[in-house]
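Trainee: What follows is the residue order along each chain.
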Amino acid sequence: MMALREAQTGPRASARRIHAMVLRHWYLLRSSGPRALEMVFWPLVQMLTWGFVQVHLAQTTSLAATAAGLFVGGVLLWDILARSQLGFAMAFLEEVWARNLGHLMMSPLRSWELISSLIVVSLIKLAVSMVPVVVIAYLMFDYSLFSIGLPLAAFFANLVITSWSFGLVSTGAVLRYGLGAENIAWLMTFLMMPLACVYYPVTTLPVWMQPFSWALPPTYVFEGLRAIVLHGEYRGDLMLWAFLLNLVYLAAGVALFRYLIDSARTAGTLVHMGE
Amino acid sequence: MLDIAQHRAPGDARAEPPVIVRDLRKVYGDVVAVDGITFSLEAGTVTALLGGNGAGKTTTISMLMGLIVPTSGAAVVFGADMSTDRHQVLHRMNFESPYSDVPMRLTVHQNLAIFSRLYGVVRFEERIRELAASLRLEEFLHRPYGKLSAGQKTRVSLAKALLNTPELLLLDEPTASLDPDTADWVRSRLEEYRRQTNATILLASHNMSEVERMADRVIMLDKGRIVADETPGSLVSRFGRETLEEVFLDIARNGRVRDAEKAS
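Heads up: the protein sequence lines correspond to chains A and B, in order.
Just so we're aligned, residue 1 is where the first sequence starts under this note's numbering, counting upward by one.
Just so we're aligned, residue 1001 is where the second sequence starts under this note's numbering, counting upward by one.
Everything labelled a hint here was simulated from the structure, so no lab data went into it.
Worth double-checking, as some hints may not be accurate.
Examples of chain A residues toward chain B, derived with CB under 10 angstroms [said to hold, decoys possible]:
id : residue
1  : Leu23
2  : Asn100
3  : Leu101
4  : Leu104
5  : Ser107
6  : Pro108
7  : Arg110
8  : Thr266
9  : Ala267
The calculated label-pair distances, taken between Cβ atoms and stated as ranges, are [to be verified]:
id : chain 1 : residue 1 : chain 2 : residue 2 : range
10 : B       : Ser1149   : A       : Gly33     : 24 to 34 angstroms
11 : B       : Glu1126   : A       : Leu244    : 42 to 52 angstroms
12 : B       : Ser1072   : A       : Phe146    : 51 to 61 angstroms
13 : B       : Gly1146   : A       : Phe146    : 37 to 47 angstroms
14 : A       : Gln46     : B       : Ser1072   : 51 to 61 angstroms
15 : A       : Met140    : B       : Ser1149   : 45 to 55 angstroms
16 : B       : Ser1072   : A       : Tyr177    : 17 to 27 angstroms
17 : B       : Val1032   : A       : Thr9      : 28 to 38 angstroms
18 : A       : Ala157    : B       : Gly1054   : 47 to 57 angstroms
Some chain A residues flagged as far from chain B (calculated, every beta-carbon gap over 12 angstroms) [unchecked claim]:
id : residue
19 : Leu44
20 : Ala127
21 : Val128
22 : Pro151
Every residue, glycine too, gets a C-beta built ideally from N, C-alpha and C.
Okay, chain A solo, but in the shape it has when bound (with noise of 0.2 angstroms):
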């Protein structure tokens, strides 16, 4: 029998391969437990780590005692971008490694709607990751990050967009450079840790190093969250500034994403990607 095939373009098609793609990534976390368990292990590690920093200091000065959630806070929005980052590299680096995208990139599926998928897959990841922690945080050191209120909303849309950037660019860099390159999508979000001043004020920083620090759309989350914690007050300015420059950047990756695959497609590697 000839199989029948539904028209390949149009938003119904995109949004058909888009779910394909998905469904691959569920089944995928569906069958492996350790999978899903060293998803939510370490974040679990380091809320644990920072909840005790922040009960130890807030026995021991006044201003760790007034800013209860400084630590928590800080480390539960610092895993919100890391988990979303690294979700979204390792859903395309599992392809690489099940020698799979040899078939995906001659099959109908277009480079936007991998993206697309990978977008998806890391949300899912993220809530995989981030719900069992956030009530832990909840009950063992009476933090609810969404005690921050709506502007949890704003700091949640600045983090997961940076994190897309970022994929996109380590992603790429594997597609163009192979599984070498491999490494850059486990240090660029850690890299990216100091400069982001997770857990103190820019400020604090080199005068040298600050520029580099506010180039940096998490900057703005960690100070808006800082503000918030501190002085009661919510920074629209600074979410501002983070969502403008998260337009660039992400305008930023999927240009260079682009890039590198039809330079990978010139120099040859795709075919032999996983090997």
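We have chain A already, so just place chain B on it with the hints.
Mentor: For chain B alone, coordinates are given in the frame of chain A:
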């Protein structure tokens, strides 16, 4: 809207060949992988692409799939230039190779369902059942792909390649690492598929008996150039040999002799 996988009847003079390769060249730095080859494939034919390691077979097939962009020249499939317009026609073709896997942790059924969605196969559960029956996948349809034997994996890979009823099927050593019985069985399924659908098949292989059995035509590559392009029978008689394997060895060894002479 549905796009029915239509295949041209043999001898349909109105249609242009499904595959046209013109002056195709691929250079990596100082290495010329494919050196200005030209050929076309007629609908419903099986063509074998032969050559030693590094002759340019995989690079040629990759350019036909649009995975590699040529340095110059063009690979045109169903009228689409594969370096710029490949998404217009990718749903009409498919690919099988033992060197490429599908996700190991997913079951065979899950993998086939995902690829069916990617290719937009209508009523894909029915199609999967049909392929599972004809390729004898039923007993391990719900087992993880990674837990299958090499022969079982090849059958799954073949099912994936046939899901969308491709009009052009690209095969890269489809029976490598299979025992003779399974390899023979796979060849029979491919021949049956060609008979039923009139699909065009391009087959890269090192197995000369497979080529003699399946191919209507042989394109032999050496250092990225076409050194022979004819039927297996005429190639064997032109070289005055008994088998295609002997012809292959002649061409490969003469090439080495030529290289040695040049070097001295």
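Trainee: Now tell me if each hint is right for this structure.
Mentor: Hints, one by one, checked against the model:
With a cut of 10 angstroms, the hint placing Leu23 (chain A) at the interface with chain B holds, because the nearest CB-to-CB distance is about 6 angstroms. Here the hint on Asn100 (chain A) is kept, as its CB sits about 6 angstroms from the closest CB of chain B, short of 10 angstroms. At about 9 angstroms, the closest approach between the beta carbon of Leu101 (chain A) and any beta carbon in chain B falls short of 10 angstroms, and the interface hint on this residue holds. Taking 10 angstroms as the C-beta cut-off, the interface hint given for Leu104 (chain A) holds, the closest approach to chain B being about 8 angstroms.
Because the beta carbon of Ser107 (chain A) sits about 5 angstroms from the nearest beta carbon in chain B, less than 10 angstroms, this interface hint is met. For Pro108 (chain A), the suggested interface contact is upheld, since its CB lies about 5 angstroms from the closest CB of chain B, less than 10 angstroms. Hint status for Arg110 (chain A) relative to chain B: holds, with the closest Cβ pair at about 6 angstroms, below 10 angstroms. Given hint, Thr266 (chain A) at the interface with chain B, holds; its Cβ is 5 angstroms from that chain's nearest Cβ, closer than 10 angstroms.
The beta carbon of Ala267 (chain A) is positioned within 10 angstroms of a beta carbon in chain B (closest approach about 8 angstroms), and the interface hint is therefore held. Look at Ser1149 (chain B) against Gly33 (chain A): about 26 angstroms separates their beta carbons, and that is inside 24 to 34 angstroms. For the pair Glu1126 (chain B) and Leu244 (chain A), the beta carbons lie near 51 angstroms from each other, so the given range of 42 to 52 angstroms is met. Roughly 60 angstroms separates the CB atoms of Ser1072 (chain B) and Phe146 (chain A), a value that falls within the hinted 51 to 61 angstroms.
Checked against the given bound of 37 to 47 angstroms, the beta carbons of Gly1146 (chain B) and Phe146 (chain A), roughly 41 angstroms apart, stay inside it. At about 53 angstroms, the CB distance of Gln46 (chain A) to Ser1072 (chain B) agrees with the hint of 51 to 61 angstroms. Separation of Met140 (chain A) from Ser1149 (chain B) is about 49 angstroms and conforms to the stated range, judged on CB atoms against 45 to 55 angstroms. A C-beta distance of roughly 25 angstroms is found between Ser1072 (chain B) and Tyr177 (chain A), which places it inside the suggested range of 17 to 27 angstroms.
At about 37 angstroms, the beta-carbon gap between Val1032 (chain B) and Thr9 (chain A) stays in the expected band of 28 to 38 angstroms. Restraint check, Ala157 (chain A) to Gly1054 (chain B): a C-beta distance of roughly 51 angstroms satisfies the suggested window 47 to 57 angstroms. Against the 12 angstroms criterion, Leu44 (chain A) stays outside the reach of chain B, whose nearest CB is about 24 angstroms from its own CB. Every CB of chain B lies more than 12 angstroms from the CB of Ala127 (chain A), the least distance being 21 angstroms, so the non-interface label holds.
With 12 angstroms as the threshold on Cβ separation, the claim that Val128 (chain A) sits away from chain B holds: the shortest Cβ distance comes to roughly 17 angstroms. Under the 12 angstroms C-beta cut-off, the non-interface status given to Pro151 (chain A) relative to chain B holds; the minimum distance is some 39 angstroms.
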